[in-house]
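Residue numbers (my numbering), protein chains in the order written: chain C, 559 to 871; chain L, 23 to 466.
Don't read these hints as lab results, they were simulated from the structure. Mixed in with the good hints, there may be bad ones.
[What the hints assert, rightly or not] So the derived list for chain L, only partly shown, Cβ under 10 Å to chain C, looks like this:
(1) Asn96
(2) Gly226
(3) Pro425
(4) Trp456
(5) Glu460
[Stated by the list, open to error] Taking CB as the label site, the calculated pair distances span:
(6) L:Asp184 - C:Trp730: 30 to 40 Å
(7) C:Gly604 - L:Asn316: 48 to 58 Å
(8) L:Pro398 - C:Gly604: 54 to 64 Å
(9) L:Asp262 - C:Asn620: 33 to 43 Å
(10) C:Asn672 - L:Asn316: 46 to 56 Å
(11) L:Lys276 - C:Trp730: 20 to 30 Å
(12) C:Trp730 - L:Ala95: 23 to 33 Å
(13) L:Gly54 - C:Phe594: 42 to 52 Å
(14) C:Val690 - L:Gly255: 45 to 55 Å
(15) L:Lys110 - C:Tyr856: 32 to 42 Å
(16) C:Gly604 - L:Lys348: 23 to 33 Å
(17) L:Asp90 - C:Asn620: 26 to 36 Å
Treat the numbers as computed from the prediction; the structure is a model and nothing was measured. No residue lacks a Cβ here, since even glycine has one placed at the ideal position from N, Cα and C.
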Amino acid sequence: MADGSPVAADPPSRVRRRRSGMRRLLQRRSTVGVLFCLPMIVLIGGLVLYPACYALYLAMLNRRMTQFVGLGNFAFLLQRQTFRLVIFQSCLFAVSAVLLKAFFGFILAHLMSNIPSGRQRIWRGLLLVPWVIPLALSTLGWWWLFDPSYSAFNYVLQDLGFAPIPWLGVAWPARLCMITVNVWFGTSFFMIMYLAALKSVPEQLYEAASIDGAGTFQKMFYITVPMIRNIISVTVLYSLIVTFSNFDIVRILTNGGPEDKTHVFATYAFQVGIQSGDIPLGASVSLFMFPLLAVFAYFVLRNVTRRGKEMAL
Amino acid sequence: MVSKVTRRRALKIGAAASALPLVHIRTAGAAGKVSIVFYDAWVPAGNIALKKQVDAFAEKNKVEVQADFLSTANNQIVITENAEAQAKAGHDAYSFATWEAPSHLDDLEPMDDVMARLAPKIGQPNATAAYLAKKDGHWMAVPTSSGAQVKGPCGRISILRDAAGLDVTKMFPASPSSPGLDTWNWDTFLKAAEACAKVGKPFGIGLGTTGDSSDSAGCLFASFGAELVNAKGDLTVRTDAVRQALEYAQRLVKFLPSNAVSYDDASNNRVLISGQSALIFNPPSAWAVAVHDNPPVGADCWHFPPPAGPKGRFVPIAAYFWGVWKFAKNKSAAKDLIEYLSQREQSEERCNATMGYDMPPWPSMMDFKVWETEGPPQGTLYNYPIRPWHKDVPLVSGSPAPPSIGVEIYNRGTMPTMMAKLLSGQSINDVMAWAENELEGFKR
Numbered sequence: 559m560a561d562g563s564p565v566a567a568d569p570p571s572r573v574r575r576r577r578s579g580m581r582r583l584l585q586r587r588s589t590v591g592v593l594f595c596l597p598m599i600v601l602i603g604g605l606v607l608y609p610a611c612y613a614l615y616l617a618m619l620n621r622r623m624t625q626f627v628g629l630g631n632f633a634f635l636l637q638r639q640t641f642r643l644v645i646f647q648s649c650l651f652a653v654s655a656v657l658l659k660a661f662f663g664f665i666l667a668h669l670m671s672n673i674p675s676g677r678q679r680i681w682r683g684l685l686l687v688p689w690v691i692p693l694a695l696s697t698l699g700w701w702w703l704f705d706p707s708y709s710a711f712n713y714v715l716q717d718l719g720f721a722p723i724p725w726l727g728v729a730w731p732a733r734l735c736m737i738t739v740n741v742w743f744g745t746s747f748f749m750i751m752y753l754a755a756l757k758s759v760p761e762q763l764y765e766a767a768s769i770d771g772a773g774t775f776q777k778m779f780y781i782t783v784p785m786i787r788n789i790i791s792v793t794v795l796y797s798l799i800v801t802f803s804n805f806d807i808v809r810i811l812t813n814g815g816p817e818d819k820t821h822v823f824a825t826y827a828f829q830v831g832i833q834s835g836d837i838p839l840g841a842s843v844s845l846f847m848f849p850l851l852a853v854f855a856y857f858v859l860r861n862v863t864r865r866g867k868e869m870a871l
Numbered sequence: 023m024v025s026k027v028t029r030r031r032a033l034k035i036g037a038a039a040s041a042l043p044l045v046h047i048r049t050a051g052a053a054g055k056v057s058i059v060f061y062d063a064w065v066p067a068g069n070i071a072l073k074k075q076v077d078a079f080a081e082k083n084k085v086e087v088q089a090d091f092l093s094t095a096n097n098q099i100v101i102t103e104n105a106e107a108q109a110k111a112g113h114d115a116y117s118f119a120t121w122e123a124p125s126h127l128d129d130l131e132p133m134d135d136v137m138a139r140l141a142p143k144i145g146q147p148n149a150t151a152a153y154l155a156k157k158d159g160h161w162m163a164v165p166t167s168s169g170a171q172v173k174g175p176c177g178r179i180s181i182l183r184d185a186a187g188l189d190v191t192k193m194f195p196a197s198p199s200s201p202g203l204d205t206w207n208w209d210t211f212l213k214a215a216e217a218c219a220k221v222g223k224p225f226g227i228g229l230g231t232t233g234d235s236s237d238s239a240g241c242l243f244a245s246f247g248a249e250l251v252n253a254k255g256d257l258t259v260r261t262d263a264v265r266q267a268l269e270y271a272q273r274l275v276k277f278l279p280s281n282a283v284s285y286d287d288a289s290n291n292r293v294l295i296s297g298q299s300a301l302i303f304n305p306p307s308a309w310a311v312a313v314h315d316n317p318p319v320g321a322d323c324w325h326f327p328p329p330a331g332p333k334g335r336f337v338p339i340a341a342y343f344w345g346v347w348k349f350a351k352n353k354s355a356a357k358d359l360i361e362y363l364s365q366r367e368q369s370e371e372r373c374n375a376t377m378g379y380d381m382p383p384w385p386s387m388m389d390f391k392v393w394e395t396e397g398p399p400q401g402t403l404y405n406y407p408i409r410p411w412h413k414d415v416p417l418v419s420g421s422p423a424p425p426s427i428g429v430e431i432y433n434r435g436t437m438p439t440m441m442a443k444l445l446s447g448q449s450i451n452d453v454m455a456w457a458e459n460e461l462e463g464f465k466r
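Generate coordinates for the entire structure from the input sequences, incorporating the hints supplied.
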């Protein structure tokens with residue numbers, strides 16, 4: 559020590575006690591668990607939590623980022639006609655796409671579960687293709703089909719004697735095109751989740767129902783749906799969040815046009831924040847749905863947990 | 023063998039080592055390192071020419087230069103630029119597109135010294151450069167030819183002649199005179215648009231929220247004196263000039279392609295190259311591709327100035343700037359590099375490499391030979407640059423609004439969207455009301 563006083567050495571018994579305490583801590587399952595999760599916690603903290611908090615901070619600044627304006631940006635956005643249109647379009651896009659994906663995914667999963675396991679693998683692989691291809695690439699393929707000048711669909715229509723349709727040039731057809739591409743892309747995910755869930759439903763339940771004279775729809779509504787309800791909820795929740803934040807499809811197909819009638823939160827945030835240099839307003843647009851989705855997620859996950867406990871009893 | 027280091031020898035080595043930094047050894051990176059982002063040229067030879075110039079500068083000045091070429095596709099260059107501005111870290115110097123420079127003026131190092139040294143050699147840049155890159159009278163970025171372009175009309179000689187009776191090669195020959203200039207106005211343009219639409223070759227002018235659409239619409243509005251927001255930042259939508267521009271646009275949109283509202287920045291190129299359109303507003307990139315992919319169409323293209331309106335002839339331009347970040351580690355070397363690359367000799371070399379695409383923002387450089395010699399047909403680019411006898415004014419679509427509003431007018435496609443609304447059947451009053459509401463939001 560600098561003052562020259564002797565260092566008081568720890569008595570051997572205390573050192574031993576401290577070492578054994580450390581060993582006990584390391585031997586605890588919870589400690590080991592935390593240590594194993596640490597890299598992921600650091601990753602999520604650095605790549606998700608920090609950017610999210612930073613975006614929240616940005617959303618509360620003025621345009622020049624020199625002044626704190628609280629929730630002023632959100633209030634401002636709600637007064638804008640174009641942004642109200644963006645809210646409508648985002649909700650229409652996300653809700654209708656998720657419902658359609660859930661519907662088609664459910665049907666496909668049932669069809670798939672009735673195919674013998676040998677051939678099922680091929681069909682499963684084929685149906686997963688849309689989900690496996692990078693979305694930006696497959697959307698480019700769709701864009702060629704809808705292309706304003708050389709649409710492949712219009713080529714066929716004209717060949718059959720029909721008038722060409724401006725797929726991406728009129729609001730409603732353009733919105734339908736966006737939803738179609740999203741449904742085409744995401745249905746495979748629902749199918750695979752539901753298929754896994756269907757396999758976990760005990761076969762005896764169906765046999766018992768058959769003996770009691772239950773029909774196909776009765777089995778579906780009274781056995782299948784209740785048994786896979788948790789998977790349905792979690793899948794819908796996950797897909798809703800992902801679909802709300804979709805960027806690629808709109809950016810590639812319409813870039814928000816015509817007349818801003820296909821913008822969703824992500825594309826509008828990009829246009830306002832990055833392209834037009836108003837980063838705080840862009841951050842506000844991208845965070846707009848966060849509270850609503852957080853509340854929705856809370857209730858869905860609470861119900862899932864509750865049902866999980868009920869089933870365990 | 024055991025070597026013995028004596029105390030005397032250790033002292034000698036120590037003295038020699040401490041004196042070493044005093045000896046100046048000129049190595050490749052002796053004057054330090056500088057990093058810069060360039061726009062990834064649409065004409066690949068442009069990158070090669072620029073890289074060669076950078077290497078020559080590095081060799082001459084013994085500076086290690088890291089030159090990165092970032093694509094404008096998917097806004098890669100814009101995204102990286104914003105990330106660097108937020109992080110206050112990254113390259114020393116950066117290339118800023120038209121509206122990006124004004125967005126970052128507070129983050130940039132003043133370049134008055136570079137501009138002062140360049141002025142005696144190449145003069146002053148055009149007025150749009152000052153509008154975009156000056157802050158409180160100080161130059162914050164240096165206008166460059168690299169990536170800059172003029173977006174005037176590029177028309178099909180045969181279709182315009184046969185369908186509309188306009189011989190653009192005689193109206194705008196490859197010589198210092200333009201006999202057709204006086205009759206080349208928006209009324210003539212409208213008649214030609216109608217005639218070409220009738221023969222199934224409509225003018226490929228987009229009405230989407232894209233740069234090309236904003237530029238074409240801006241050119242039309244400006245020539246009627248229609249400003250949506252004036253230089254003071256006041257809304258000027260409800261003026262006679264805007265109404266006149268919209269009345270004209272209402273007639274014009276009927277003759278544009280039915281899918282004009284869903285055009286992206288490549289759609290106009292495609293319709294010209296495929297031979298479906300008689301005229302587009304674009305730099306020579308569409309023609310250059312046509313020469314390669316569809317030679318008969320390429321050999322039938324001619325570039326000329328836009329039509330004039332009651333308030334003059336305005337030619338849309340896309341500018342580029344080189345700026346040095348405030349957080350740059352080697353500001354002096356970055357400034358030296360920019361100064362070197364801005365010289366006439368270097369600008370001409372790059373312009374030649376890009377087949378005349380790169381458009382210097384310096385009026386003193388409007389006499390490069392490349393625009394006379396490029397073809398086919400030879401002379402097609404002669405009227406691509408802003409020639410003094412064209413009497414046209416370079417225009418940044420969205421100006422003269424304060425840049426913070428102008429950037430939104432441009433990137434949000436306010437003017438083409440107004441025209442798209444007219445096409446969808448909305449009344450002029452409704453369109454003006456919509457624009458007023460939209461612009462009110464840009465003023466925050």
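Hints, verified against the model:
no., hint, result
1, Asn96, "holds, 8 Å"
2, Gly226, "holds, 9 Å"
3, Pro425, "holds, 9 Å"
4, Trp456, "holds, 7 Å"
5, Glu460, "holds, 6 Å"
6, L:Asp184 - C:Trp730: 30 to 40 Å, "holds, 39 Å"
7, C:Gly604 - L:Asn316: 48 to 58 Å, "holds, 51 Å"
8, L:Pro398 - C:Gly604: 54 to 64 Å, "holds, 56 Å"
9, L:Asp262 - C:Asn620: 33 to 43 Å, "holds, 35 Å"
10, C:Asn672 - L:Asn316: 46 to 56 Å, "holds, 53 Å"
11, L:Lys276 - C:Trp730: 20 to 30 Å, "holds, 22 Å"
12, C:Trp730 - L:Ala95: 23 to 33 Å, "holds, 30 Å"
13, L:Gly54 - C:Phe594: 42 to 52 Å, "holds, 45 Å"
14, C:Val690 - L:Gly255: 45 to 55 Å, "holds, 51 Å"
15, L:Lys110 - C:Tyr856: 32 to 42 Å, "holds, 37 Å"
16, C:Gly604 - L:Lys348: 23 to 33 Å, "holds, 26 Å"
17, L:Asp90 - C:Asn620: 26 to 36 Å, "holds, 32 Å"
Of the numbered hints listed earlier, not one is contradicted by the structure.
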